[in-house]
Each structure stands twice: as C-alpha cells, then as structure tokens.
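Each chain is listed here by its residues.
There are 2 protein chains.
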Amino acid sequence: MNIITISREFGSGGRELGKRLADELGYDYYDREIILAIAKSQNLDESYVEQAMDHSMWQGRPLTYRRSFTSSVLFQAPQTNFLLEQKRVIEGIAGLGKNCVIVGRNADVFLEGQTMFHIFVCADMEARVRRCIERAAEGEHLTRREIEQNIRRIDKNRARNREIITDNSWGKGTTYDLTVNTSNWDIKELAPAVAEFAKCWFGRTK
Amino acid sequence: MNIITISREFGSGGRELGKRLADELGYDYYDREIILAIAKSQNLDESYVEQAMDHSMWQGRPLTYRRSFTSSVLFQAPQTNFLLEQKRVIEGIAGLGKNCVIVGRNADVFLEGQTMFHIFVCADMEARVRRCIERAAEGEHLTRREIEQNIRRIDKNRARNREIITDNSWGKGTTYDLTVNTSNWDIKELAPAVAEFAKCWFGRTK
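Those sequence lines, one after another, are chains A and B.
As numbered in my numbering, residues 1 to 206 make up the first sequence, in order.
As numbered in my numbering, residues 1 to 206 make up the second sequence, in order.
With the rest of the complex left out, here is chain A (with noise of 0.2 Å):
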C-alpha cells in the first residue's frame, strides 16, 4: 500500500495538486472526509470541527510534551479530542490497506512507519492572493490586505499544530520527501509531473 502525504501552505493550490493526484494514479483520496469523520464521531458540527482545528489557537500548550503525543491529555479539551479522533481515523485509513492521498492533517506524522511520499506545497505570497481571490466564495469580498492576513494566520496556526505533536518542522525541506512551488505552474500540468516523480519514490530500491 502506497500512502502519499500533502501539507500545504494555504492558497498553494495542494488540494487541487492532492485530488488530481489521486486521479492520475487511480489512488483514494481523502480530505474533508477526516473532518467529517471527527465531526461523526464526536457528534459536532463539521464546520465547527474545521474551525477548532484549523483557525483556532492552542491554549495550554505545555511545550516540554512536544515528542510525546500521548501525554497530550493536558492540553484544553475540544482540540485534545479532536486531534486524539484525527489520528484514529487517519490510521483508519491507513488500516483499509489501499493506496491513497491524504492532504492535510499531519497524517505524516501520524502513520509514520508506512511506505509513505510526503509532499509539501507551496507558493509565493503573490500567487497564493490571486488564488484566493479566484476561488472566493460568491459574496466573499475580502481586501488583499485581508487576504495575506488570512493566509498568514492560517499557516501559522498549521504549523502550531504541528509543533504540538512533532519535532520536525512545519514547511522544513527535510521535513518532507519533496517540495514543489507551484507559484509558476497550471495545477493541471504539475500533477502528472508529481505522480511521475511518485511512481519512481515508491519504485526505488533505497
């Protein structure tokens, strides 16, 4: 079973970049399913869920207990559970035995031990506004002012969330498998050129 992991900074286009992966390799992907999954079980709003993970900031953080994701029961409940449910699907997952992308979620961190590819997308400031502003909800009109605040809170909550439970860091080179900035790249034309360069990291003898 081959698992290939994204982290992205926001506005990179690593979701598009996750789900046409997916497509070009015939692999499962998951994304929103993870949120959905916590939300089921913990009997909570999806969108809620979303927004304790991922905008909120962490209370509590006791820094001594980075490597030990275990002790974690001190930090401040609902994020505590939620990131205890997180890994519990995220080794569901893993557990069906069927190849698959996983974007987001630290599922690196999670699954580590597994035949695994991880990625990290990313994209210079500039690229990553246009992005943003293309795919705005309908009625959504932020400033660009607002938009790079938005985009740096998000990242930066992303790899506070991160810091919690690993020491590798969010965004570090050698943190992941391969990097790729899609600043200068249709979406559409990366991909094939990812699962290319993913067929060989799963193929390689090392």
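It is worth saying that the hints were derived from the structure and are not from the lab.
Any given hint could turn out to be false.
Copies of the same chain are indistinguishable here, so a pair counts whether it falls within one copy or spans any two.
The list that follows gives simulated cross-link-like pairs (lysine-lysine, BS3-like), each with its CA atoms no further than 27 Å apart [said to hold, decoys possible]:
id, residue 1, residue 2
1, Lys206, Lys188
2, Lys98, Lys19
3, Lys87, Lys98
Given chain A, put chain B in place with the hints provided.
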C-alpha cells in the same frame, strides 16, 4: 536555452545529482569550472578562491545594501572581487546559449530572467554525515562531531553569502521551484526522476 540551477546543503549529494542530471538530459555541467575561471581571472590559486568564497565569513557586510549587488564595492576585498567575477562568469556561461546545469554559486540569483529551473537539495543530518564519511579523502579521519560542525559551518556561510545578494532565503521552499530531500534516495535513482520533472517544467505552458 534551459538552465537548471542547483543549490544544496553540504553533504546532501547535490553535486552528484547535478552531474547525473546533466548526463540524463544531455546538458552541459558547471561546478568547479566557475571557481577555476575566477581563480584564473584574478591570478590566484583555485583552492584559495574556494576557501575564501565558501569557508570564510564575510566582513563589513553593509546590510542596508542587500538588494543592490552593484553597491557591493563597499564589501571587503577579495570577496567583493570574487562575487563580481562570479557574476561575470555565470553570465558568461548563460551567454553560451546552451542548456546546462549549474551547481552552487547562487547562479539562480545572478541569472534572473532566464528560462530556469531552480532546485534545492537537502538531507537530514544523519544522511549527510554518512555521505561525508563515505566520501572522505584518504587519510581524513574526522569525528562525527567534527563532520557535523563542518556541515553546519559551511551551510551557515552559504546562507550568509546568499543573504548579501538577495532577499530570497537560502533553503526556503518558495526560493526554488523544487526542493528534494535525498535522505532516502540513491542519487542514481533520483536523477532520472528529477530529470523527468525538469522536462515537464520546461515544457509547461504557463
């Protein structure tokens, strides 16, 4: 004309990847040739030039002039001369109009505006130390601690050398088009994968 530039962490196998990539693609390859050309033009010993550029710290660096390379005459000689000569040599290589791979020397900064693909090569410390031990010159018996110190010192200098001439941070994902972590690759197997990716890059429509 396609130019691939390779920046790399010391011990990550970036030079070997560059050489193999050039072989795979039938491109010219430049690495020590740049040092040689600078040494010749300055009538200096090759190893002296390399030492001065890679291993010594820069003195009197006027931080306010980071964005303006041409203002760098305020830097202390001989490093200033070397940087100017390096720029001239790299521009000369591009002027030949042939597809090529250039390893190191901040070629990506000096050649802005060309059709280029920028790669950063990294690896975790364990893999880099192992590589340094495997490739140590005969009679060289550094301890693991000394090797790690060398790696950190050389990388620090590479980052600082870059900082003088550009605002794009050394090693940051968005500074390059692709970042490859070689820790779990045999470079022989990695080179064809990167070559295929590069072909997609140069063939893209965006």
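Hints, verified against the model:
no. : hint             : in the structure
1   : Lys206 to Lys188 : between (30 Å within a copy, 11 Å between copies)
2   : Lys98 to Lys19   : within (16 Å within a copy, 37 Å between copies)
3   : Lys87 to Lys98   : within (18 Å within a copy, 51 Å between copies)
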